[in-house]
Amino acid sequence: MTTKQKASSKSASNSGIGIDVKDLKVHYDTPDGVVKAVDGVSFSLRQGERMALVGESGSGKSTLAMALMRLTRAPGRIAGGQVIVGGQDMLDLDEEEMRLQRLNEVALVPQGAMNSLNPVMKIKNQLLDGLYDHQVRGDDKMSKEDQIQVVEKLLNAVDLAPGVAEMYPHELSGGMKQRVAIAIATSMQPRIIVADEPTSALDVVVQRNVMQTLGRLQEGLHASIILIGHDMGLVAQFSDHVGVMYAGRLVEVGPVKTVFKSPKHPYTRLLIKSLPTLSNKKEFVGIPGLPATLLNLPEGCAFCLRIGKETPTKIPWVKVEKDHFIQECKTCANYGN
Amino acid sequence: MPSVLEAKNVTKVFGGGFLSREEENVAVNDISMSLDQKNPKIIAVAGESGSGKTTLARLLLGIASPTSGSVEYDGKDLTEISRSERREFRREVQPIFQDPYGSYNPFYKVDHVLFSPVNNFKMAESRDEAVHMVNQALEMVGLVPAETLGRLPHQLSGGQRQRVMVARALLLKPRVILADEPVSAVDASLRATILDAVSRLNKELGIAVVYVTHDLTTAYQISDEIMILYKGNLVEAGDVETVIKKPKHPYTQLLIDSIPEADPNKKWGKLDMNKTQEKIVTAPSVGWRK
Ligand SMILES: Nc1ncnc2c1ncn2[C@@H]1O[C@H](COP(=O)(O)OP(=O)(O)OP(=O)(O)O)[C@@H](O)[C@H]1O
Ligand SMILES: Nc1ncnc2c1ncn2[C@@H]1O[C@H](COP(=O)(O)OP(=O)(O)OP(=O)(O)O)[C@@H](O)[C@H]1O
Ligand SMILES: [Mg+2]
Ligand SMILES: [Mg+2]
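The listed protein sequences correspond, in order, to chains C and Y. All residue numbers for the first sequence refer to our numbering, where the first residue is 1 and numbers rise by one. All residue numbers for the second sequence refer to our numbering, where the first residue is 1 and numbers rise by one.
Hints in this document: simulated from the structure, not taken from any laboratory. Cβ atoms here follow ideal geometry from the backbone N, Cα and C, with glycine treated the same way. Misleading hints may appear alongside valid ones.
Distance condition first, Cα-Cα at most 35 Å in a straight line; then the derived DSBU-like pairs of lysine-lysine [unchecked claim]:
#: 1; chain 1: C; residue 1: Lys322; chain 2: Y; residue 2: Lys203
#: 2; chain 1: Y; residue 1: Lys270; chain 2: Y; residue 2: Lys38
#: 3; chain 1: Y; residue 1: Lys275; chain 2: C; residue 2: Lys281
#: 4; chain 1: C; residue 1: Lys122; chain 2: Y; residue 2: Lys275
#: 5; chain 1: Y; residue 1: Lys203; chain 2: C; residue 2: Lys309
#: 6; chain 1: Y; residue 1: Lys173; chain 2: Y; residue 2: Lys231
Incomplete in silico selection of chain C near chain Y, CB under 7 Å [what the hints assert, rightly or not]:
#: 7; residue: Ala74
#: 8; residue: Val206
#: 9; residue: Arg208
Take the sequences, apply the hints, and build the full model.
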């Protein structure tokens, strides 16, 4: 299939929903017990939308990202749920089918991507490798001229000069390497882009540049993007929707504007409150208690455990207003208010 | 004015040696700074990627030697101190590095990076005391000892690995902590917890801190002074309140302007990047100069 055909077949099957994740569970089997790093996560995203998944370190964000790509490795395993893209539950595919889906339908810019480029391979070959790897079977290799053109186009899309093609990773700055990683991930014009902390190792000026590039690219492809991170500033500026993760579970989902204006879950509230700003120097307010323990986590409210309370029953989802939902636990709902 | 650690006009040039065809790269250009003994401060070193922050930190740590200028520890040139002084220096000046994964041996449990310094520097009288110290340090950075010890590095999340390194630095009760991006991989709420711990170490135990970061927001929150680097040059330095609230150098202005604010109603970035870049090249440096 040529790129053009693919693009049109994609829009033909475009039902409006880009990705639909249902009750996804990812567990790590450890000698001490099961770590439920993703514990029944559900969300859906329309085509072309931007969603951010935020949560503290260890809350399961990268585990979720890997599972969306079906790249979970032992001792991790996908313990249940569905990941529906283009009407297809990706968890039902066999390995070979899934290999084709990656980059083609769902692409990942992994955490620390810029450090995982192959140090002894020219950038152009790393870009082409991704393409060949995912080319539909039977396709002939491209001619030299085509290769040069494709590489130049890919680099151009992430604001890199054609000369970068001939360089090795060590000759590039962090921001440039991250652009290359983004170019590799998006080379097959995916429907969904999962970006795991794409700019957390970059300074703000470069971050702004890279995020603008990523945003422009995503809009051009009309792809949905799932931005993973913990920088609430970046979330506020970049995405339309936000999902807040706590202890492997989503606790609040909603439009960015609403959630920032009136966060409803106590964890979200504290997260926003704990942000340092440049406008005033204040006492650092960390979130009280220790971060959640994912090992053998009971079914009830995980945030209650953090603040020395206990609500053992399963917490229901409640609709606050249009598109805005929270896990409402009666015990801690007003905590920190 | 006795300094624990002082850089005197340090310059570090990479490449471009005799007969080399590589181009010279001045990573750090004629920078001076000192960490006062009597009045230990938190000094932030900020600037874009490649501006020389890590190189400056490595010079201060004696891991890299300056091309010109010198680094002095208790008034003695680092290149001239004795072996026993060097050993003391290694305990008293504790680094926390940028890439936490690089500091681990992937085949050793994380316990190794915590217990070996305690043993090497004979910090504890007994095994029990060592365990107690390690547990305390882990809790200070928000980690649950039972869930952290006994694991291999890859079994912890990035942020968890980073916090273990902070705990390691705390264990040795140093006089100086040189932290290179200690919280870049950590989420906001934990950032607060860790930086608060660092800040308390400074206030309560009198540990001087060099905080290398590209995050001006946290630099503003915990530091007393700030140094802004741009392409190896110190472009603006001074009291943090003044530099952040009334930035004079166009590069400092661009940095501040590029911070994404946690408010969806505020616009991200008002300055024109290209125009500002032009100004940066010609602007003179501002602030403390020796
Ligand atoms: N291979 C593994 N074996 C056991 N537990 C693991 C493994 N990998 C991750 N975990 C655990 O799963 C949880 C989620 O980890 P994950 O890397 O998904 O977090 P994260 O939200 O991406 O954190 P960060 O912001 O630090 O990157 C953590 O508690 C971690 O300790
Ligand atoms: N060992 C080395 N050999 C050659 N050049 C080096 C070496 N270390 C650093 N450099 C160069 O020195 C300059 C400053 O790098 P440095 O790592 O100090 O920047 P930084 O401010 O810490 O950046 P970042 O925010 O990305 O960590 C860069 O141009 C870098 O390429
Ligand atoms: Mg992660
Ligand atoms: Mg650095």
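The hints, checked one at a time:
no.	hint	verdict
1	C:Lys322 x Y:Lys203	violated (48 Å)
2	Y:Lys270 x Y:Lys38	violated (42 Å)
3	Y:Lys275 x C:Lys281	holds (31 Å)
4	C:Lys122 x Y:Lys275	holds (33 Å)
5	Y:Lys203 x C:Lys309	holds (33 Å)
6	Y:Lys173 x Y:Lys231	holds (33 Å)
7	Ala74	violated (12 Å)
8	Val206	holds (6 Å)
9	Arg208	holds (5 Å)
Comparing the model with each earlier hint shows violations of hints 1, 2, 7; every other hint is respected.
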